[in-house]
Amino acid sequence: MPMITVNPDARSAGEFPNWRAGEYELEITEIEQTVTKTGKDQLVLKLSPVDEVMDVDGNPLPKPGTLRDWVLIDPVQTKNGGTVSFLRAVVESAGLEWSNFNSDDLLNKNLRARVGISETGRNEILRYLKRK
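Heads up: the sequence shown runs through residues 1 to 132, numbered per my numbering.
What the hints contain is simulated information worked out from the structure, not anything from laboratory work. One should not assume that every hint holds.
[What the hints assert, rightly or not] Below 27 Å or equal to it, Euclidean Cα-Cα: the simulated DSSO-like pairs (lysine-lysine) are:
#	residue 1	residue 2
1	Lys130	Lys40
2	Lys63	Lys37
3	Lys109	Lys40
Fair warning: this is a prediction, and the values are worked out from it, not measured in the lab.
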């Protein structure tokens with residue numbers, strides 16, 4: 001096996017502080033289309049903050065990192081028999097019209113999202129907010 005050279009100053013991924021829960025302006029910096037373990041098509045979004053990000057104690061984070069979100073492409077059936085599209089929420093938050101589009105149309109678009117902290121202690125997108 002080849003020798004792996006490590007950076008002795010690198011921090012563990014588990015050491016990065018969480019963002020304070022709240023609403024953020026985010027830029028879609030990467031998009032990848034993948035398939036879930038159950039065979040459903042999804043987009044994997046890498047999102048970078050546009051504005052300053054605070055940690056949970058209210059201190060500015062000079063390098064807040066990025067968030068990832070996994071968005072199903074097809075609508076999901078609800079318990080009451082309707083459908084809901086998580087992708088539509090992304091598209092409309094990015095200021096695009098809800099119609100057929102190329103996923104690259106979302107690249108470098110800004111959107112607003114509500115960010116929270118999951119039960120596992122990581123930041124997560126709770127909801128994409130529609131543009132007014």
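Each hint tested on the structure:
1. The hinted pair formed by Lys130 and Lys40 meets the criterion: a straight-line CA distance of about 25 Å does not exceed 27 Å.
2. Only pairs whose Cα atoms come within 27 Å are accepted, and Lys63 paired with Lys37 is rejected, the gap being roughly 32 Å.
3. Of the supplied pair hints, the one linking Lys109 and Lys40 holds, its CA atoms being roughly 24 Å apart against a limit of 27 Å.
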